[in-house]
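> Chain order of the listed sequences is Y and S.
For the first sequence, my numbering assigns the number 1 to the initial residue and increments by one for each residue that follows.
For the second sequence, my numbering assigns the number 1 to the initial residue and increments by one for each residue that follows.
Check before you lean on any hint, since a few could be wrong.
These stretches of chain Y come out as covered by chain S in the derived footprint (C-beta under 8 Å, 3 or more residues) [what the hints assert, rightly or not]:
1. 60-71
2. 100-112
3. 256-264
4. 422-429
Simulated pairs of lysine-lysine, DSSO-like, Cα-Cα distance not exceeding 27 Å [what the hints assert, rightly or not]:
5. Y:Lys418 <-> Y:Lys429
6. S:Lys852 <-> Y:Lys425
7. S:Lys956 <-> Y:Lys317
Just so you know, these hints were derived from the structure itself, not from any lab.
Note that beta-carbon positions come from the ideal geometry of N, C-alpha and C, so glycine has one too.
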Amino acid sequence: MNRQLQILVLVACLLLAATVSAHDYVPGEPQDHPILLKGGDLYTVANGVLEGTDLLFEDGRITQIGTDLALPEGTEVIDISGKHVYPGLIDLNTQLGLIEIGAVRATNDITERGRTTPEVKAYIAYNPDSELLPSVRSNGITTALVVPGGSLIRGRSSLMNLDGWTWEDAAEKPIAALHISWPRTRVITAWWMDQSAEEQKEQMAKNRRELVDMFDKAHAYSIAKQADPDLPKDIRWEAMAPIFTDDLPVFIEANDYRQIEQAIAFAEKWKLNVVITGAREAWRAADMLTEHDIPVIVSRTQNMPLRSDDDYDIAFKQPALLQQAGVRFAISASSSWGTRNLPWHTGMAVAFGLTPEMALRSITLTPAEIIGVADDLGSLEVGKKATLFVSQGDVLDYLEHGVELMFIGGAAVDLSNKHKELYEKYRQKEYPVEAAE
Amino acid sequence: MIIRILLTLLAMVSIGAAQTTPELGIRDKTPTLQAFTNARIVVSPERTIENGTLVVEDGRIVAVGDDITIPDGAAIHDLTGKTIYPGLVEPISQYGLPKAEQPERRRGGPPQYEAERVGADAWNEAIHAEHSWIERFAPDAKEAEEYLDLGFATVQTARLDGIFRGRAAVVMLGKGLPNEQVLQPYGHHLASFDKGSSTQQYPNSLMGSIALIRQTLLDIGWYDRAASAFARNPEQERPETNRALEALQGVRTDGLIFETENDLDLLRAARIGEEFSVPMILVGSGYEYRRLDQVKATRSTLILPIEYPEAPSVTAIGDEYDVSIADLRHWEWAPFNPYLVDSAGIDFAFTTHRLKKKSHFWKHLRTAIEAGLPKEAALRALTITPARIAGVADQVGTLEAGKVASFMVTDGDLFDRETERFGIWVAGELTHEMIPLEQTDFRGEYALSLRERDLTLTLRGDIDKLKGKLSFDDHAIKLQSLETELELVRFMAELDTLGIPGVTRFTGALTDSGLAGIYHTPDGIEHRFSALRTGDAPDTPDTAKVRVAERLSRLTSPNIAFGFTELPEQQTVLVQNATIWTCDEAGVLEDADMLCRDGRIAAIGTDLEAPDNALVIDASGMHLTPGVIDEHSHVAISGNVNEGTHAVTAEVRIGDVVDPADINVYRALAGGTTMARLLHGSANPIGGQAQLVKFRWGGTAEEMKMTEAPPSIKFALGENVKQSNWGDNMTIRYPQTRMGVETIMQDAFQAAREYEQARTEYAELGRGERERMIPPRQDLQLDALVEVVNNDMWVCCHSYVQSEMLMLMRLAEKFDFTIGTFTHVLEGYKVADEMAAHGAGAGSFSDWWAYKFEVYDAIPQNPCLLMERGVVTSVNSDSPELGRRLNQEAAKSIAYCDMSQEDALKMVTINPAKQLRVDRYVGSLAEGKHADFVLWNDNPLSIYAVAQQTWIDGRKYFDIERDKTMRRDLAEEKRRLIQKVLDADGSSSNSGSHTTGSHGPYDQSTSMPRCCMPSQGGF
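Isolated chain S, as found in the complex (with noise of 0.2 Å):
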């Protein structure tokens, strides 16, 4: 409907030229009406008509087609041998708009944790969904010019900053004023992670900006419920203005642009709008290849850049080094990423946004299509898909009767490398002219004679920029200040060799059989020249260099050195005569079996019995012990660890940012570490939710993650969060002592238990009760607060000093809760006793101290006190390294305190279980268990054991025979990737051999393993 209004409003527009703006001289009434005949007309990809005519009256498009009456009066351009196509859209731009300023931050100041609030609009300054960026467009010739010139006419315009981002307009790259331009004055609402401009501190990382995110899309329907309930009954307090979240109101149903820096970010976004259903087109990276069925999935419509990377300089030896296989890879494979996007089915536009050059598009463009993507998707992604897009497709976007007369014209087709686009035109009018539609085409080969000697005169090059020779046997002469002037082309040559010494000018036009004119000799005459046509100008030389020719690389998952080629299967598997430590009654087995099934151990004991199809793993003189479990971990994480901004952030989740292409997962499992909980950080008193994740190596974020647990919270004590170490600016946070931490700890339980209640009494009201009821608004932070003083989620706390671990244990009493671990724990020792009586469980560095004040009394001797005293301990890592040989961490209690070995082992296998909640499924190894094991060449407990064979859930997540074939291969990609790199660097004498082989860019299936045929499942 709002359509059709704009519509009939745009035929109005152009009947007096400005509606409401005075006419302060003389008024414009030059005719519109015009015909275009005898062109090609690509109407939309699917219809093309050979030779038609397109007629254009007040900006629209009134007829197209093969068989048209010209209307009187129309103005007539014949377009024999043009095509014309639709104006292409660019859907996502800044276009007319001020960019976003950045205040100056405040270098060395106090940091910001408020937000300027004006106008009644949101409390972050990340959040601008308050404007429609209508209200600040203006036309500005310069940037038009951009687009216009590669052969935009319509684009979609907002200011591309900050986490909401406000509405985008859709306007035309005409002239005149911002009034007469706009399709849509409201279009989509647009997000992002990034926080932009926005100095604030919160959010400062990406789980933060998800938390935001979220919270927000619950206050519109909270806001909403609330102004009813009041207009209902004002007998209570008043609801806030919020103009964000009223402006918001309707993103539910029209959905939002998200814009996104990689494929997991993609993800990411995705699946926040799966959560609260609301319609996601997400701009993607130019990544999506790497993970296009989990991309396919989202049956999202995508906006595509197309950047492609530079090749790395590794000019010199050791420059490779510095480039890793994943950048290489990524260098190879980004050019087939709308090829790859296409194939998979997946609806995307294209985008000019993100390429560091406007005017590197078409080539990129190009390369996109040598590498596979067919011209017609490609035509789609500028016109329909972007039009549909932008909420326009009735208005442009083809080039149908009654839409809107955006098009250009060109002489060819619009992908072919040689083709020329002649010019725009944005409703009705010429608005870009590149080369004239009057320019004549002398390109061609003519014959003539000139001092009774046969030359032929070769014009070739693009249409306005001419080339040219004359030739005769065995010489060439090149053509000097070739230049063209519509109807008449002018030249110079120095004709020495036909017996003419200096310089000879030539001027010469079109005939029926070729060119003629007149050349003036040095010695001042003038003469007549008369050349017959004689055939085509030979094609230029392609001389552009194509590296679009052959993958060497693969893509493994995740896509960095040391990705699976193929997910381990699940085996059913027979492991014989180990030392087994089982970490539970049964105690270390000596000469042992134990036998997995379906993901699960099936029976330990001696002389098992191998079922049919089993792997049988010889074992003798090995070791088995239970996958390590690491009850501290930071690794997988995208982003910040920390939302180290407010003192209590509890609303923030790992679980939002796993990221399973970190290496150090990788690493891990070649240490025995089959699980972790990947927890935030320790910048503030009550942080983040934390995550437990399963090293599956390969799979999906949501694949890692260890479903059968319970959730858990990071909280912090001590320096830390009292900001101790932060510099002398960030004093001004609450809290800055120990004090104050016990007491923002109580508010936030007092305040969880609260909510609690309000959130109860108010679901206990009946229907009608409700209805005049402001809701209690529905808040993430005490959501997961009434969850910790529930014991639903576990609090993991970072501690050092005994006065703070006592602190929250009498606080939790009081509330009613069991702290479920303290981590670091290291003057547990001194407070081993009243853990054991609260129940807490010990997570302890091993031998960490002297870093800083409160580490002073740290000692190595800690887990061993704990253990004596009855405290559930475990040894943490809180770092790569160190999750990577956990049980070495474990030994140096045997080092410093002669803790049995089997105690040192349970530190980190089935006491992380137990605090984890997990020790029904992990752990230890029992019938029934998870099948995730270790199996080591040496005592585990020994700095001399080295982990062979790591499985998770009977699945062989690490080999190191495998790992060695794994480097031998890796090395050998990267030498034959480093070689085309160099090659391609020096490549441009002999880029013949570089172009598309016979074989094709994109039929290389050995170089594609079963993971990325987009028709696949798996990764």
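Okay, chain Y solo, but in the shape it has when bound (with noise of 0.2 Å):
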């Protein structure tokens, strides 16, 4: 489909769509025949790039992969010869569905009272009508983990796909990760800062106590409910039990360098499956971070340095770094509407170094593998998901961008979005209009 006949039929659909109110792009049925993209440039991350190689899926799932692939009756074929097929690019690290618009409070659903609220789930407030997900995936963006906020032991995210129509419709993991944001380990000597360096010391060392005996507390839930079942229930701790009986990934929020170093000492001594996220400094912490195998989530290539003495590109090279060292890494966005520059983080980071291949692994096939999906998701291999896109080139550049189809799970996406639509709009807009007075 070119471009030209997609803006026909988004036009078409806005047509259709002008009677009903708001938001309504309607969630892909789930599939009911077999498609195959022919020609493509398949950029599977785990096999490389096959050139002008066709992909068929059916019943949701990718099939076969090759050339002069035998069809199955009733297949729709779709040319997209010297285009790019890409795994659905993979956010986890996002507020997506929590929160329509900043400042409108009501429309804010990230951050639950209290410091340690383990026992909150982020599906539950997931929005599958947020006009922010429509934008999101237009970019190429299928799955994003929503992430509860929260200043010590925040709660457990979902991962989610930005097409559905209710959240447990779109859940791909309801319970992925508990989250957690590391206290402050850094002495603030700004201008403003009203507390000495002993002061915020003191208020750091507290803050770690406390995570501590949170975590104290968690444990010991779990070790007595393991010996006695019948014991009444803390949802609190009941919501923390997995993490230490199950593997349950631990995220835990830290960047500058002390905070990753704490974060690992503790996760070594809970024996955490842990992920560190933000991650600012995870360059200064590489060598710690390979040798525990510790996974991490980059947020936000384009973004400034830490410190003021800082390498200015140190934020866009830091994944060159990462990869260097042998760390594992995904990249994030970090962000709710911004989750949609997800590729351009991720190009920054290859022009500042980052391998192509890598770079595009670190926002598919590693951040699944990370949150435990890869068996479905992150990579073009035959058996997992259809959740894919089909684009007009590099989906990392600016130049090339330009996401025209997609499937989650072998369902059709409508890549409309408001932003589309008001941009039709306002084009038919005619001048003079009479001037009001």
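The two chains are supplied separately, each in an independent frame; assemble them into the complex guided by the hints.
Laid out in structure tokens, this is it:
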């Protein structure tokens, strides 16, 4: 489908939809016939780039990859010669569906009250009709980890497909990980800070102590509960138990060197399946991270240096530094609406030394592995879900980006969004209109 | 004249102790005539009498010299071996005054926009000029003690609170009635940029403080003229009474003592002084060494605090990341500041003000001397200069006849570590005694024998705090409870090793030959002893840490990481074989050359010849574009970017607060950005005036300004200005609706028109008439608005929704002017045609949305639609992060709406240049334009493009290779500094190696770049 045709279809959809109010991008229907993407360049992630290769998917899963495939009856053939096919992009640190408009409190469900709220689950508040979702997926992002906010033990995240009728429908993995914000370790000397270095350090130690206390309690509960399943239920510690018993991943938001250093020691002590997020100074702790094989989710490569003396490009080049050191990492836009910038955050890292292959892996297969869905997502391989998209060219570069088709589990995704519609609407406006006064 | 009268008064003071105060008991008639003889007298830093006499009577110095006849009846104090110094003068203090009390802030309450007016004072609570602090002065013995203990006899005092702080008084630290202590009741007015205890909203930014100062200094003149016009012609509206303005009338001749926080603020204060011809005495910060030449060029006298930063804690791995190079350098350089200031020939006085602990004063002063400050300069800065600053140089500061007899007595050079201060006399009276003059000095080595054994007795240490031992062969017995009591010395010792078990106690007195006395052995038997003096006591080993040794760090400009050691030179440069994006009609030229000379583009073409000495850059495979221009930036601004208090603040100017030491300037250069409009924030409908700068890293604030640009000003609309998201308390400022935004703007424009007319009419009056008419008061806010409505100052308006943009265009049209640019302009696409017709430009965010309600309809296709409809469109940053990759922000329009690559690049080059009205100079690559350009390793609209070199005016401000070298140098510098801090931490045991070495502390020509030698030009 060329771009012009796409626009025509879009306009037709708009006209059809004109009578329905607000957000009316209909979630894709379950795949009911085989679809062949013909002649595209397949960025498989798992097996390199297969140029001019066909990809067939049926009942929501990829069934064949190759040339001259034997097609089942009723296969819809879409010729995408010269275009790129990618696995759907995955961002493991978003607030999508939890917030609509930053400054409007009524639309914000990110952070529950209290410093220790492991019991909350992100999918509960996920709004599948958020206007943000269509704008994000039209840039190639199919899957997002939706993460509660908070200052200490934040709650549990949910891995969501960005196309669905309800949160049940959209949930890829409703309980994906437990999230912790590591207490601040950095002494702030800026003019606005009214606490002395000592006071700050005292507060930091106190916060860290609090975290340890909470883990002690949760762990004690977990042990007691195993010994006696009839104990009264504490839903906080119940929520945390799987990190001790079932290897539920623990995502620790830790940005500066000392936070990361402490978080690693903490994770070792509790034998956690830990993932460091934020990770602005992971490059300083790269050896420690590789030694313990701890993966990292790097927030925003398009970011300022953390410290005044840092290299101007430290955030740009951090993924390359991690790659050189052998740290496993995913890249995240760490945002709500800004999740749509995920491809640019990744391309930026390529400009500053990351290999293109690793760049793509860091927003597909690596995050799928980290969150435990690599059997279904993250690469173009036979047997995996047909969660993928077609773009004009290099999805990481502004010059060739242009997502034209998307499927989530084989279901075709409506790539329209509020922005495209408003653009089309106002292109129809004529001038002069009579001035009001 | 006043001084002479005062002197006379002073002389009369002591005739009868109290002149107007009734004596309620027996009158004191103790004679006051005293002679201090056989002393070394330091009359002034230039003149010392080796063996002289000082005669004092009635609080004054009657005579001083080496050939003085002592008047009959004088009480004589023999000061053999002692030195007399003038009492020190503290030029700034709050001595004897109540401290400013901050009214309990209305936490959680509504903001306070208006002052409580008392006694016809100023409209702003940060102005206290109506106060003369003599009114509140009461001597405070405890506080006086602190100063006296350091050697001060005279202080200038005022309450150091607010922007205009009121008038200081100059007082002595003597005891008695306040009336007797005053040398100068009406001293200098003081000022600062800090609003202090004021809880009034305005000003809440540095630029707001500056605007308030500027307007106040203007008002002084108007107030005077208005009063005389009214006196001549009462048939007009009565001008208000304003005691603050009244009090400030003399400030243009008397000057201001202006307190500053850092080197940049010091220069800002000096500029205000220059603008209004107000002489400035500037209270510095200790950072003067960073910009010595500029500080010197102010030709102001400085008052220097003498605080040094503590060494940062870097004991744990990781600590060092929290410490910046700038802080480490300051730790290392701060002790050299007085020396460097003095070497630069800058006139300065010392102050104890701003010391965390006043008791650190002498320690820090001695460190400054060890760092190279000559002692004479130090003495001058403690006596003559502060006396002159306080306006009492003919009364105190030297020990000349006729002056107040305030002096101190020491036993040696005031600045030597071992020297003792014995006491300080204020107006002839011993006001603070540290050690009695009569105290016998027992220090020395003595030989004595006890129990037929020859012993050495050593007494050393401070004259009134002795340490001692008895030694023989390899034994040493420590003396305990060693006490002096004028003529007697007492101690005890355990003499077991001499065969006397238990504690033996001694009492002794000096004799002609040594020391003699008695001792009691433990058995209770008294014995006599006699010791022969054999020599001086050995010097006390100097265990004090001396870290002034060698400076490992450099000074750069600015003096932070990635500052330049040398400013880039303007070069003739030929770029060859590049893909040149001209951003004008010439389009994109493949394989082309560009020649720059004298900061301008000399030619663009193919096969250009390289002139002699030209730098030739082979740019094969590279892309050459104009320097990227950011229409909307807030980098390089000191203090708050919003004067977010009043709804209209057109009087404030970003140009007053440009910060050339913001690392984000360097980072922007690294992203190819060469220029930015620095804007006031969006907290009010009519904000402050903007400043266009080129990112001339290493330059001064003034050097960064792009002077070719017409002025512009920030306006704002919508949620921010109606305070929608400011919390529930912020609901009392007009406007609270978009309707009110329109009307407050309309009112402002109307006022500007009327003001302009009134000023014109007044100017057209004949001279005689003008003298009879109260002139329209010059109002800096209305001045700016007059420029706005006359299209001399271009409006850059923060805007989101279509209705408000339409409103402002129509309003401007009513007043017959044009809006320059709508910035952010997120719903611009809805009124693109209207904007094109009005002639407004659009500076759009590339893709921001959903962060508040008014941006819910923002779309990333906005720039495309605006461009399609003929609006001059740019993409802007509003953020240091976006501001260093604006090429990418422009490229998003290629991704979202298929904009052509050339158009996209124009959105960050020629289009913003047009919006800023500087497109004749910059924004495209064409002959005659400024040589501002960027070399990229790839198509500049690609995410893979990395800026390799960034040039401004034919000077290379960023080079990716040079950046790598800088990183290595900084890492090495930091490593060495951290080691030095660690070394200093644990160095008390091996301090010997730390004392100033043979090569001297300040003769480090290799570590001191050209920029910092006081005599050189440069930064």
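> Tell me, in ascending order, the numbers of any earlier hints that this structure violates.
Violated: hint 1 alone.
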